[in-house]
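Asks: Start from the sequences and build out the full structure, keeping to the hints where you can.
In case you want the letters, here they are:
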Amino acid sequence: MELGKSIGLEMGVATRDAFGKTLEEMGAEIENIVVVDGDVHDSTRTRFFKNAFPERFFNVGIAESNLVGIASGLAASGKQPLAASFAAFLLCNAYDQIRMGIAYPRLDVKLVGSHSGISLGQDGPSQMAIEDLALAASLPYFTVLVPADEHAAVWATRAMFDHHGPVYLRTGRPDAPQVYNVDSTFQLGKANVVREGNDLTIVACGLMVAIALEAAHTLSQQGIEARVLDMHTVKPIDHAAIEKAALETGAILTAEEHSIVGGLGAAVAQIVTAKQPVPMTYVAIMDEYAESGDPDDLFDKYGISAKHIVQKTTELLDRKQAS
Amino acid sequence: MNTNELLLKSIEYRKTILEIIHHGGAGHTAGSLSCVDILNVLYNKIMDITPENFDSVNRDHYIQSKGHSVEVLYTVLADQGFYPQDDLFKGLNQNHSKFIGHPTRKVPGIEHNTGALGHGLSVSVGLALAGKLNGHTYRVFTLLGDGELAEGSSWEASMSAAHYKLDNLIVIIDRNTLQITGRTEEVNGLEPLADKFTAFGYAVRQVDGNNVEALSNLLSQVPFEQGKPSLVLANTVKGKGVSYMEDQMVWHHKVPSDEQLVIALKELDTAKLELGDV
Ligand SMILES: Cc1ncc(C[n+]2csc(CCOP(=O)(O)OP(=O)(O)O)c2C)c(N)n1
Ligand SMILES: [Mg+2]
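In order, the protein sequences belong to chains A and B. In this text, residue positions in the first sequence follow my numbering: the first is 1, and each later residue adds one. In this text, residue positions in the second sequence follow my numbering: the first is 1, and each later residue adds one.
Think of the hints as simulated: they come from the structure by calculation, not from any bench. Just so you know, even glycine gets a beta-carbon here, dropped at the ideal spot from N, CA and C. Among the hints, erroneous ones may be present.
[Said to hold, decoys possible] Pulled a few chain B residues facing chain A out of the computed Cβ check, cut under 8 Å: (1) A26; (2) I100; (3) G101; (4) H102; (5) E148; (6) G152.
Replies: Next up, the structure:
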């Protein structure tokens, strides 16, 4: 993808790569970490951990329900298991095991879903997770993390082991533009303001943060200054930052590489409507499955490119004006 | 179609698979090559599925549970006349094409969306049950990967198939002994596989799954036993037909380069010459 280039963002590695490398480092630091895979460790990048710690790595084959159940048992025995697969297969195939084996007993299992959203491109909708955030976030006790770039992914991988309890970490396939640098700081449950502005707030997560910055750049040329919030922790969501954004900017647009149903937009709207009602609009996949193709073209076709953020902002600001 | 004609078809199919994957820039190469001969025999010799009868209720059914090998299915369906072969060179895996990276019902001739593994056998049990309920004589053929058998749903569906005595169901396992990350026996041992299927209530037969003659002979005998689902353990070679792809893990999801394509097509043309005139 050409993402971020037009506004001078440097291309970084994919969030799945940064996750994989960091997991390997953590494997050396925490001997109690064990990893369970379902025949996809090349794709999820748990292969780095596998190569370094083969005795703590279990590839159980193409069996996601089984692998999550095994992770649950490992956690119940005091291990710190991480289970990884494609987001679509991990969340959808193993949902009952996640619910009964991890969420309900509140066990310390980390789930990592790669190839999220539609940016995986050519393999098509059967491999694309556009429902994973809704599924993960609706499970009580779960923390849900969506890193925007490699720096955020390094942080998220570490943060998830610092936190005791179930976590879902969403990673992506393509290289991601660097929104942050090595000195950037993060805090679980606290959104990062990656761009200041007072005319509206764009709340984004994952790859959409870079796309939001691109859109904000275009808007700025039209005299509109957008605040961009990176909601890297989709759950528990940062209530204070959302209320503040609503109060100070009076309009909110959410942007996510996920279905409009049950994801970031829904979570933000719940807070805005309860605490500080302002006009809102949503950039997300509109309740449909995509197709195969080049990621840039798919973002364009399915309505989640910078262009769409700009278009929806115009309409949103009209409503803000009227209200 | 006689054996020589089938052999020739397999070669043509292999060439098309390689060409469309190369052209589209994505695809699951080796898994398609491993089951070409199975689809060839099913569509040209065994099954009653045509563009003309596709909408009728009492025709055979084919469910490809190993959806990632969609390129072989696209190739064979084009040859059966479901759409022009040219269509496969206009955007396989690309934007705005209905020929996407895994099977969908948008494509003429495809009955079910697959691509997440472990679904096709249950769906096939449903189709077979409906056939029994409605008093239809159609058969349901379904193709599974061997790595795919780790999904527990395959075994749940197997129990149902035997329980409902679905002798109109024919399950074919593409037993190429490889999955993405290694040999099935190293990742998650399946053996003794024939014994397991027998114990689950199938009438089990083994066959060289890259031998069109043996496949034709065996598949024309289904059901193998009245009152039991049939299961064919088809021993195959992943990447079959292209020397440098055969039994090589790396070719699971790899696209041949320009030079690699030339070499592969040359090998297949040589094989065609050796067949002689048909
Ligand atoms: C539920 C699910 N998990 C994981 C995958 C990713 N995947 C695609 S193909 C494949 C390996 C398939 O191996 P096998 O069934 O042996 O097929 P073949 O060797 O014939 O290609 C995997 C793990 C998937 N498509 N679906
Ligand atoms: Mg296999």
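Asks: If a hint holds in the structure, say so; if it does not, say that too.
Replies: Do the hints match the structure? See the list:
{"no.": "1", "hint": "A26", "verdict": "holds (4 Å)"}
{"no.": "2", "hint": "I100", "verdict": "holds (4 Å)"}
{"no.": "3", "hint": "G101", "verdict": "holds (4 Å)"}
{"no.": "4", "hint": "H102", "verdict": "holds (4 Å)"}
{"no.": "5", "hint": "E148", "verdict": "holds (6 Å)"}
{"no.": "6", "hint": "G152", "verdict": "holds (6 Å)"}
Going down the numbered hints, you'll see the structure goes against none, and every one checks out.
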